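*Asks:* What follows is the residue order along each chain.
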Amino acid sequence: DTAVSQTPKYLVTQMGNDKSIKCEQNLGHDTMYWYKQDSKKFLKIMFSYNNKELIINETVPNRFSPKSPDKAHLNLHINSLELGDSAVYFCASSQDLGFQETQYFGPGTRLLVL
Amino acid sequence: AQSVTQLGSHVSVSEGALVLLRCNYSSSVPPYLFWYVQYPNQGLQLLLKYTSAATLVKGINGFEAEFKKSETSFHLTKPSAHMSDAAEYFCAVTDSGGGADGLTFGKGTHLIIQP
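Chain order of the listed sequences is A and B. Just so you know, we're using our numbering here: the first sequence kicks off at 1 and counts up by one. Just so you know, we're using our numbering here: the second sequence kicks off at 1 and counts up by one.
This is chain B alone, in the form it adopts within the complex:
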């Protein structure tokens, strides 16, 4: 069964600094990986997804993530943080073993942006 681990339940960065949110996956078959963002009191919005086409994936709002099979990682980065990036970020996985299982989510990382 697939799973994802997000290191750090809270990450705090200064405005303008690099954002790095970590996600490691565990899957017995090639995974499909997603990053979703949840703003306060809202639903989830897709930032980007990896579906094996390219290891470096660019998403919305200046975010990108790199799939590294050797490290079983799919970390999310943004070069310069904005105050509007403050939100909860979820890494999620499905695998080719069957999409019927839906998305398996990590526990989320709360991103705090300090002025």
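Only chain A is shown next, with the shape it has when bound in the complex:
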């Protein structure tokens, strides 16, 4: 069983469209995250959710909105897609929000905006 799964794996879309990426974890963890990896492979955290509450929101445009229907899922909605949104988006989860917690990553969603 895949611990952290994401769908779709690849996403190609036009500028201005709205898209969603789904993430599910079957580890029973309480905290989930979204990271963005740019073309230079630099990883930066976007959001984290703990017990269905948004904990952090870095300097991410409000076109990006995380939605968590339950603690096993954290979906990422992106409105009015821009060329600069092209990247690999990783979902991750950890048992809790503690700073020493190991984060488990999904396989990534490769988004290309044309």
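No lab work stands behind these hints: they were computed from the structure. Just so it is clear, the structure is predicted and the values come from calculations on it, not from any experiment. The reader is advised that the hints may include incorrect statements.
Unchecked claim - In silico lysine-lysine, BS3-like type, Cα no more than 25 Å apart, as pairs: (1) K71(A) <-> K58(B); (2) K9(A) <-> K107(B); (3) K71(A) <-> K40(A); (4) K44(A) <-> K19(A); (5) K52(A) <-> K40(A); (6) K44(A) <-> K107(B); (7) K69(B) <-> K40(A); (8) K36(A) <-> K22(A); (9) K107(B) <-> K69(B); (10) K41(A) <-> K22(A); (11) K107(B) <-> K36(A); (12) K52(A) <-> K19(A); (13) K41(A) <-> K52(A); (14) K19(A) <-> K9(A); (15) K36(A) <-> K71(A).
Here the structure of chain A is known, so what remains is to put chain B in place on it, guided by the hints.
*Replies:* What follows is chain B alone, placed relative to chain A:
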């Protein structure tokens, strides 16, 4: 705010040779340090982590790292490189100032193994 610096965006070693990937951290409070590996077109996998229990940390796949406070370093080593070790390696940090900030990653080191 914490940060990590990985020296060398690319490191090339021969199969069987020592692997040394460098990571230096900057944190105003005791850090928690992680090494993750990313194989091509895959997600990140934890290799090892330092949480103050022991300065020498052993991880998976024969990797280990030593926390040196005096040098603010957490370098990753493996005695003998295998072709399967070719991947991107990321050093990351959180600190006791608040795990809500998630992991702060270095820019990654691409490890190339030459036959």
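*Asks:* Decide, hint by hint, whether the structure agrees.
*Replies:* Hint by hint, here is what the structure shows:
1. K71(A) <-> K58(B): Status violated; Cα separation ~32 Å.
2. K9(A) <-> K107(B): OK: K9(A) and K107(B) at ~23 Å, within 25 Å.
3. K71(A) <-> K40(A): Not satisfied, since the Cα-Cα distance of roughly 31 Å exceeds 25 Å.
4. K44(A) <-> K19(A): holds, 20 Å
5. K52(A) <-> K40(A): violated, 31 Å
6. K44(A) <-> K107(B): Distance ~10 Å between K44(A) and K107(B) Cα, so the pair holds.
7. K69(B) <-> K40(A): Distance ~29 Å between K69(B) and K40(A) Cα, so the pair is violated.
8. K36(A) <-> K22(A): Holds. K36(A) to K22(A) sits at ~14 Å (cutoff 25 Å).
9. K107(B) <-> K69(B): Satisfied, since the Cα-Cα distance of roughly 21 Å is no more than 25 Å.
10. K41(A) <-> K22(A): The given pair, whose Cα atoms are some 21 Å apart, holds under the 25 Å limit.
11. K107(B) <-> K36(A): holds, 13 Å
12. K52(A) <-> K19(A): This hinted pair holds, its Cα atoms lying about 21 Å apart.
13. K41(A) <-> K52(A): violated, 29 Å
14. K19(A) <-> K9(A): holds, 13 Å
15. K36(A) <-> K71(A): With a Cα-Cα distance of about 21 Å, the restraint between K36(A) and K71(A) holds, given a limit of 25 Å.
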